[in-house]
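Please construct the entire structure, taking both the sequences and the accompanying hints into account.
There are 2 protein chains.
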Amino acid sequence: MADSSQEKPAEEKVEENAVSPPQPPPPPAKEMKTIVLTGFGGLKMVKVQKKPEVTPTEGEVLIRVKACGLNFLDLMVRQGVMDNPPKTPVVMGFECSGEVEGLGENTAGFNVGDRVIGFVNFCAWAELVAVPAHLVFKMPDNMSFQDGAALPMNYLAAYIMLFDIGGLRKGQSVFVHSTGGGVGHAVTQLCKTLENVTLFGTASYHKHEALKGTVNHLFDHVVDYSQEIRKVSPEGVDIFLDSVCGEDANKGIALLRPMGKYILYGSSSVVTGETKSFFSFAKSWWQVDKISPIKLFDENKVIAGFQLRQLLFKQGQHEYIRSIMDKLFMFYNQGKIRPMIDSAWAFEDVGEAMQKLHDRKNIGKVILDPSLQPKPKAAAPPETVRTDSISEDQAKEKEQGTGE
Amino acid sequence: MADSSQEKPAEEKVEENAVSPPQPPPPPAKEMKTIVLTGFGGLKMVKVQKKPEVTPTEGEVLIRVKACGLNFLDLMVRQGVMDNPPKTPVVMGFECSGEVEGLGENTAGFNVGDRVIGFVNFCAWAELVAVPAHLVFKMPDNMSFQDGAALPMNYLAAYIMLFDIGGLRKGQSVFVHSTGGGVGHAVTQLCKTLENVTLFGTASYHKHEALKGTVNHLFDHVVDYSQEIRKVSPEGVDIFLDSVCGEDANKGIALLRPMGKYILYGSSSVVTGETKSFFSFAKSWWQVDKISPIKLFDENKVIAGFQLRQLLFKQGQHEYIRSIMDKLFMFYNQGKIRPMIDSAWAFEDVGEAMQKLHDRKNIGKVILDPSLQPKPKAAAPPETVRTDSISEDQAKEKEQGTGE
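Quick note, the sequences are listed as chains A and B, same order. Heads up, the first sequence is in my numbering, so the first residue is 480 and it goes up one at a time. Heads up, the second sequence is in my numbering, so the first residue is 480 and it goes up one at a time.
Don't take every hint at face value.
Note that identical chains are pooled: a pair holds if it fits in a single copy or bridges any two copies.
[Said to hold, decoys possible] Here are the simulated lysine-lysine pairs, DSS-like style, with alpha carbons at most 25 Å apart:
| id | residue 1 | residue 2 |
| --- | --- | --- |
| 1 | K774 | K730 |
| 2 | K566 | K529 |
| 3 | K793 | K649 |
| 4 | K769 | K806 |
| 5 | K793 | K774 |
| 6 | K566 | K774 |
| 7 | K649 | K710 |
| 8 | K649 | K806 |
| 9 | K793 | K710 |
| 10 | K806 | K730 |
| 11 | K710 | K671 |
| 12 | K730 | K793 |
| 13 | K523 | K856 |
| 14 | K769 | K730 |
Think of the hints as simulated: they come from the structure by calculation, not from any bench.
Shown next, in the form of structure tokens:
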């Protein structure tokens, strides 16, 4: 896995060559910039560090990273509120775009210089990353590196949920949280690839103007969306996509029309403050009612859980994933999908980028770009400034945790 | 609903005409043969009775019935172990084929003499039935009336589960109980409309020879199929169709591959003997574990319940159902699906037909045909003979209740 090769010290390479005739000592290892999670917690646990450059091992493609995607999942990793948290220190990041700079054995089909997208289970936020070839995808020629870093996880998740689990058909209705966020925005665009799909969604009020026209019925997070949806569509919705969990799980299942599908794909309600809150964590999970298949039988309903990270890195359905990426590239080439980029940040400004996502201030994808120069810093330590500047409204919004 | 019109006494018609000038008294109402459930219980609660002929009201198509489908659901109705049992006495039956003999107002698109299939919430087992036009479908020209009565519920259920809930794709694997039964057989044929689908199924041992070649891996009901499936496919199956419920629900969910879908569509394990057993009923339901959406999230799994009767008669998705029926007729015309008919019975022999289904002795669909003459009866009362003749093997098989 890229994880271990990334950490491989230069000395090991000498040992591997021990059977060869004596060699001159290797030149000092070249270094690359990475974003490291040094331990679980607040923003200060995330540090830019130099590490020895990685080299690709068998089956791996070495990517010179041009842009990385920042996801709500990364905030959960930082707080340690995810399933199977990694051992720290660890280089963060799950997705990137860039150019192929080297190839391990058995990576047929790729050439140095190819413009690619890569998924990797940590280590994407670095100047170089070694990615297993089955998780590397050649980008369409007209796709920018920023789009290449914005598209993979969000659109893959949205596509699988809407079409493969949800079986979305023309004329149906969909609910999604946080239409201003990564998956939410992907959902709005993918729904438009079918005729006459009605989309219900939430977003913070300040984003409503920017999202005008993308969602049929847009509600603020503080509104009781169940009641509002019932006014428009008394029967409820065909597909309910839930990235919040907690009480929203029960609300979502109750809102399903006959043959409706509830899909849990995140649990952003566990992220309430800058650091882990055991209370929010426990509350989110205890609030979710267990359901008997017999109840689903009585009501003709479907409930599903979808965790892209599991699918990508643990469950080995590589051909399936490739088939969906091909469809997404086709939609991209047809102009049917186009990621919305909120902003791009230097590695050094990752804390500020994370805070923007945390505060739901982004509209579209937040990108990290290793070639960018950091912003000039203010005198006060950034964490203090940020904590002080959170308004009551923002604190409330965080409490609701919508995972944009 | 057809239910009430079926029972409408002739006197009511006179009252409706009360405002018109005095009329000569109506001729004595013509009568039709029906199969009536007189109360919940054993075979003797089912009786052939004459009733006044029905007439179609607004939006109804009057069908001269040529063949009726007998389903495991009808056994559950007889025992009263279904959801929302009807009031007795009631004419039984949910599906039939026949010729249009009359039309109410607002039934555009149908003509007298059309060969049609009808779904109706009770009252299908009669010489005449009035069916709401949205549940009447013109049969392909080359379809026999027997096929027309064998196809609707079984193939509609199988199609919706495999393709719309299951999202079956080429190369995937499916498990289904009772491949010798109605839905099971429909599943085997529909799986073959895609390339390279691996089908696991169960059937009583005596049917294995007849089912050879239709199922990739066929197990007897008494075999621990979980273990056998794991030997062939350690990861499990992509779609698990469960008509048994009880302990099988937990087994099925455990057998799912990543992104796998468990679909509960029946609970035949509640039917153990000729009459309702509270013990089996309660056991079947208590055995089923409740599941948290969070567990599904951790494992990337989908659980669903599907009840065709709810969808057809309560949930009003008429356009959707028509679209599936069109697809089934297309498959039929292409020769890709062909119902397997086990046997056809006179109305008077409905008890024997039910017992055959109960004993899982049928291979394919059991049909009732109002034009058939009853078999000559033996001297002993039929129920007594049947009860005595059940072997230990059969009793065991019943205990397992596979809903064929």
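Each hint tested on the structure:
no.: 1; hint: K774 to K730; in the structure: both (15 Å within a copy, 18 Å between copies)
no.: 2; hint: K566 to K529; in the structure: within (19 Å within a copy, 77 Å between copies)
no.: 3; hint: K793 to K649; in the structure: between (33 Å within a copy, 22 Å between copies)
no.: 4; hint: K769 to K806; in the structure: neither (35 Å within a copy, 36 Å between copies)
no.: 5; hint: K793 to K774; in the structure: between (31 Å within a copy, 16 Å between copies)
no.: 6; hint: K566 to K774; in the structure: between (40 Å within a copy, 23 Å between copies)
no.: 7; hint: K649 to K710; in the structure: within (22 Å within a copy, 41 Å between copies)
no.: 8; hint: K649 to K806; in the structure: both (18 Å within a copy, 17 Å between copies)
no.: 9; hint: K793 to K710; in the structure: between (42 Å within a copy, 21 Å between copies)
no.: 10; hint: K806 to K730; in the structure: neither (32 Å within a copy, 34 Å between copies)
no.: 11; hint: K710 to K671; in the structure: within (23 Å within a copy, 44 Å between copies)
no.: 12; hint: K730 to K793; in the structure: between (30 Å within a copy, 22 Å between copies)
no.: 13; hint: K523 to K856; in the structure: within (15 Å within a copy, 88 Å between copies)
no.: 14; hint: K769 to K730; in the structure: both (13 Å within a copy, 18 Å between copies)
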